[in-house]
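Trainee: One letter stands for each residue in the lines below.
Protein chains: 2
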Amino acid sequence: MSEALSIPEAAALLLEQKRILILTHERPDGDAIGSSFGMREFLRESCGCEVDVVLPTPPPTRYLELIGDYKTTLTPEEVAGYNLILLLDCANRERIACGPAVDPVLLPELSGTPMLNVDHHGGNNVNARWNLVVPRAAAASQLAAQIAIATELQIPKRAATLWLLGIVTDTGAFRFSNTLGNTLRVTADLLDNGADLERVVNAAYYSKPLNQQHFETELLETQEKLAFDGRYIYAYIPDELFAKHNFDMRDGEGVIDLLREVAGTKVVALYYRKGDSFKVSLRSKDQRYPVGPLARSLGGGGHEMAAGITLREMDHNQVEALLLEKVAALLGDREQD
Amino acid sequence: MSEALSIPEAAALLLEQKRILILTHERPDGDAIGSSFGMREFLRESCGCEVDVVLPTPPPTRYLELIGDYKTTLTPEEVAGYNLILLLDCANRERIACGPAVDPVLLPELSGTPMLNVDHHGGNNVNARWNLVVPRAAAASQLAAQIAIATELQIPKRAATLWLLGIVTDTGAFRFSNTLGNTLRVTADLLDNGADLERVVNAAYYSKPLNQQHFETELLETQEKLAFDGRYIYAYIPDELFAKHNFDMRDGEGVIDLLREVAGTKVVALYYRKGDSFKVSLRSKDQRYPVGPLARSLGGGGHEMAAGITLREMDHNQVEALLLEKVAALLGDREQD
Chain P
0 MSEALSIPEA AALLLEQKRI LILTHERPDG DAIGSSFGMR EFLRESCGCE VDVVLPTPPP
60 TRYLELIGDY KTTLTPEEVA GYNLILLLDC ANRERIACGP AVDPVLLPEL SGTPMLNVDH
120 HGGNNVNARW NLVVPRAAAA SQLAAQIAIA TELQIPKRAA TLWLLGIVTD TGAFRFSNTL
180 GNTLRVTADL LDNGADLERV VNAAYYSKPL NQQHFETELL ETQEKLAFDG RYIYAYIPDE
240 LFAKHNFDMR DGEGVIDLLR EVAGTKVVAL YYRKGDSFKV SLRSKDQRYP VGPLARSLGG
300 GGHEMAAGIT LREMDHNQVE ALLLEKVAAL LGDREQD
Chain S
0 MSEALSIPEA AALLLEQKRI LILTHERPDG DAIGSSFGMR EFLRESCGCE VDVVLPTPPP
60 TRYLELIGDY KTTLTPEEVA GYNLILLLDC ANRERIACGP AVDPVLLPEL SGTPMLNVDH
120 HGGNNVNARW NLVVPRAAAA SQLAAQIAIA TELQIPKRAA TLWLLGIVTD TGAFRFSNTL
180 GNTLRVTADL LDNGADLERV VNAAYYSKPL NQQHFETELL ETQEKLAFDG RYIYAYIPDE
240 LFAKHNFDMR DGEGVIDLLR EVAGTKVVAL YYRKGDSFKV SLRSKDQRYP VGPLARSLGG
300 GGHEMAAGIT LREMDHNQVE ALLLEKVAAL LGDREQD
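Chains as they are written, first to last, in numbering that gives the first Met the number 0: chain P, 0 to 336; chain S, 0 to 336.
There may be inaccurate statements among the hints.
Claimed, not checked - In the EDC-like style, the derived pairs of lysine to aspartate or glutamate whose C-alpha atoms are separated by at most 20 angstroms in a straight line are:
no.	chain 1	residue 1	chain 2	residue 2
1	S	K325	S	D314
2	S	K207	S	D28
3	S	K207	P	E217
4	S	K265	P	E64
5	P	K265	S	D195
6	S	K207	P	D228
7	P	K207	S	E223
8	S	K156	P	D285
9	S	K265	P	E197
10	S	K156	S	D195
11	P	K273	P	E312
Stated by the list, open to error - Stretch-level coverage of chain S by chain P, calculated; a stretch enters the list once three of its residues show a Cβ under 8 angstroms from a Cβ in chain P:
no.	stretch
12	175–183
13	196–204
14	253–262
Stated by the list, open to error - The following residues of chain S were derived to be distant from chain P, with all beta-carbon distances above 12 angstroms:
no.	residue
15	D68
16	T71
17	A79
18	D102
19	F227
20	D247
Because the hints were derived from the structure by calculation, they are not lab data. For every residue, glycine included, the Cβ atom is placed at its ideal position computed from N, Cα and C.
With the hints as extra help, turn the sequences into a complete structure.
Mentor: Written out as structure tokens, the structure is:
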């Protein structure tokens, strides 16, 4: 059986537990890290609960200083020793990061330890014993904070800082459209509880490795192209550029913003080879020209304003030509007269 | 006589007026624009008041689309035709932008029209008939919004969007330490009233002219220097670089962030020649190494984490050497062993 909980119900459930195991999604980002470690701090310090977070693979370096120690391995026997598994920010079972010794798909049923699934992804299909899925929440960290606020217990500063990290990174520092009034009200409560905004901002936005800066500079100098009077800007990243600067796109979430921030552009694209295919990232700055349908027409997916495609059996010149054709149609080539 | 008002008192005073003249500071930035034009929309639409904004010099191009028409000139006779002058975001009389025909210093007394001075600068010394000066407010736009909220009247969407612009630009999109819980609660109310976050973010952050991007790229490629294991990063901007890219530092507020965003750096500096002196901008990323005292020791000023100096009778190599010496002392050269 699977049951939907309200925020106060989730709070009450957590307060009944003695030993809690916290898990999140693979390749943890700021919100996965923030929601998990923030909840660990809160449950340990304010509820006197024993809590472990497991991360089988290391988180981004920039967040290491904020989080402290954590478990890196997990066995089925260890899982059975907890009263509750708290899953945060993970939309489906396949993505649960629990290490090779535990099957993430069967984890909610076979371990004997019931699971509470707290998430903000609309498509969440974890179906745990208890579920709190709120797509209007900007971040899992926002939900974690709302649960803590509902307990009326003290929120430790470190927990407030970690949840702030999750909210800041998942909203692009309050620049994305998932930033709603309630997001800011919860964030206000975290600041009032001593969340360290300077530290979060430094970790999330002022921690660019120098090799990434050099990579980006050379990318703009050598690869940036404009079309349709600058309404479309795009760049191809050759393999050699990655190699030259020892840069990996796993750290490249912000690179496409270098194109997006240019005045007057409506649609931007960034693409690079990965194995025998091309990865294409698309962004729109104007709701009249959504990139979601364009991506879906080529087998890709994503949101209306941010989408991606994987293209096979093409070289980079063909990718360029295909995107130019599709973007021309999107922007309406009659406007070019 | 000069009287301090509370937010509800300022709201009540505004609601009694029929014709209001709104003024702000010279070289208006996002908050000057946002607070002024937001208040115009609110007082016109929700209070039925006649309101004019005067801007003797044009605002930044990126904000033009948000604000609509405005008056560019003002005579003493025109001033006398208003019931109230509402001054927003202006810390002293010398900086009031009212055009050449009106003396800004005498404006509050000689026009016969009383002035309400609403501002968030700690050092505000306007001493108008009525004053609402709240240094803890992140932006004058925040105060304008709080006044509107206090009236309990409807806040038009356009007013909410303009005040959001002021708050976003004065907080660096909620990244600066002036972002407090109350800042976010007021912003939440603006979003609930339909403020257009996408439009504000595009105007403030995704409107970089292409020449500025080229200027920045070449600056990083050719001028960025690291010292003290990268804990200090600095760049000198030669005159030729400004000329080559037709770039003016009046639009260069964000340039120093390109240095600040690098991982591991504690202090950054950017300097360039202006006339027969050098302008130096300094930023700290770590409260243990404040740049305020360094700037003051060289005759400059500013805040602890963001300061500036004007240096005379030096060439750029001497500026470089002087800053290296001062920053070495700040960072503690013993740590270099």
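Trainee: Hint by hint, say whether it matches the structure.
Mentor: Here's how the hints hold up against the structure:
no. : hint            : in the structure
1   : S:K325 / S:D314 : 17 angstroms, holds
2   : S:K207 / S:D28  : 16 angstroms, holds
3   : S:K207 / P:E217 : 18 angstroms, holds
4   : S:K265 / P:E64  : 16 angstroms, holds
5   : P:K265 / S:D195 : 17 angstroms, holds
6   : S:K207 / P:D228 : 15 angstroms, holds
7   : P:K207 / S:E223 : 15 angstroms, holds
8   : S:K156 / P:D285 : 19 angstroms, holds
9   : S:K265 / P:E197 : 13 angstroms, holds
10  : S:K156 / S:D195 : 8 angstroms, holds
11  : P:K273 / P:E312 : 12 angstroms, holds
12  : 175–183         : holds (count 7)
13  : 196–204         : holds (count 5)
14  : 253–262         : holds (count 5)
15  : D68             : 22 angstroms, holds
16  : T71             : 24 angstroms, holds
17  : A79             : 41 angstroms, holds
18  : D102            : 38 angstroms, holds
19  : F227            : 14 angstroms, holds
20  : D247            : 15 angstroms, holds
In the structure shown, no violation is registered for any of the earlier numbered hints.
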